[in-house]
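Colleague: Residue-level listing of the chains:
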Amino acid sequence: AQSVAQPEDQVNVAEGNPLTVKCTYSVSGNPYLFWYVQYPNRGLQFLLKYITGDNLVKGSYGFEAEFNKSQTSFHLKKPSALVSDSALYFCAVRDGGATNKLIFGTGTLLAVQP
Amino acid sequence: GAGVSQSPSNKVTEKGKDVELRCDPISGHTALYWYRQSLGQGLEFLIYFQGNSAPDKSGLPSDRFSAERTGGSVSTLTIQRTQQEDSAVYLCASSLAGAGGYNEQFFGPGTRLTVL
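For the record, the sequence lines run as chains E and F.
Residue numbers for the first sequence, in this note's numbering: 1 to 114.
Residue numbers for the second sequence, in this note's numbering: 1 to 116.
Derived from the structure by calculation, the hints contain no laboratory data.
A hint or two may mislead.
[As the list claims (entries may be wrong)] Computed spacing ranges between beta-carbons, pair by pair:
1. G72(F) with D9(E): 22 to 30 Å
2. N41(E) with E14(F): 18 to 26 Å
3. S27(F) with Q113(E): 22 to 30 Å
[To be verified] Going by beta-carbon spacing under 10 Å, a handful of chain F positions derived as facing chain E:
4. I26
5. S27
6. A31
7. F65
8. Q105
9. P109
10. R112
Where is the CB? At the ideal position from N, CA and C, for every residue including glycine.
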């Protein structure tokens with residue numbers, strides 16, 4: 001079965017510093033990987049996805065993610081964090097069945113301190 | 001353009017009552033998903049609609065849950081005889097259909113259901 005793991009419940013970073021939110025995956029076949037962000041009392045917003053091609057994927061709000069097949073990871077990164085980046089981040093993998101439903105990680109709370 | 005909309009945004013109900021949650025997907029999106037977000041279970045898939053095909057109901061937790069999608073657009077999730085464990089945020093998402101599932105899903109703001 002497809003799965004993703006987010007090993008950190010919370011990540012703390014100072015504004016202006018680089019940030020990394022970790023995600024590892026377990027899939028059969030080629031992985032389709034996604035990152036979403038959730039602000040308080042809001043739905044999930046799509047950030048970026050990896051389907052195929054370049055291992056470094058660029059997305060919204062200056063975020064990027066690096067697909068690493070050998071380490072089965074898809075870590076989310078940003079060179080310089082903003083206080084407004086503070087939110088809950090979810091990694092997801094497409095389920096291999098016909099529905100293409102998403103299997104989500106448990107989420108990582110990113111707290112950026114001014 | 002308009003995103004996915006859901007109503008109501010909040011619903012408080014008494015145990016045993018039935019509730020209906022509505023989702024209006026992005027125009028032109030043929031794929032529609034319902035997910036549930038709760039503290040104990042995280043984000044979990046409930047049901048999937050694609051065009052006129054039979055829905056995938058494999059994620060529905062019990063037969064008290066049902067959903068329909070009329071005219072390939074608006075969807076309604078119905079929970080009968082609600083229980084306290086049904087309390088959660090119910091999220092709807094839609095996407096373009098594409099072979100291989102590479103299209104991202106766009107989520108609505110959710111309906112927060114509280115069962116007293």
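Colleague: Run every hint past the structure and note whether it holds.
Modeller: Hints versus structure:
Checked against the hint of 22 to 30 Å, the pair G72(F) and D9(E) fails, with Cβ atoms roughly 40 Å apart. Between N41(E) and E14(F) the beta carbon distance is about 23 Å. The supplied range of 18 to 26 Å therefore holds. In this structure the supplied range 22 to 30 Å is violated for S27(F) paired with Q113(E), their Cβ-Cβ distance being about 41 Å. Hint on I26(F) is violated. Least Cβ distance to chain E is approximately 12 Å, over the 10 Å limit.
Interface hint status for S27(F): violated, as the beta-carbon distance to the closest one in chain E is roughly 18 Å, over 10 Å. Hint status for A31(F) relative to chain E: holds, with the closest Cβ pair at about 7 Å, below 10 Å. Contact between F65(F) and chain E, as hinted, is not supported at the beta carbon level, the nearest pair being about 16 Å apart and thus beyond 10 Å. About 6 Å separates the beta-carbon of Q105(F) from the nearest beta-carbon of chain E, less than 10 Å, and the hint is met.
The closest approach between the C-beta of P109(F) and any C-beta of chain E is roughly 5 Å, which is under the 10 Å cut-off, so the hint is satisfied. The beta carbon of R112(F) is positioned within 10 Å of a beta carbon in chain E (closest approach about 8 Å), and the interface hint is therefore held.
When held up to the earlier numbered hints, the structure conflicts with 1, 3, 4, 5, 7 and fits the remainder.
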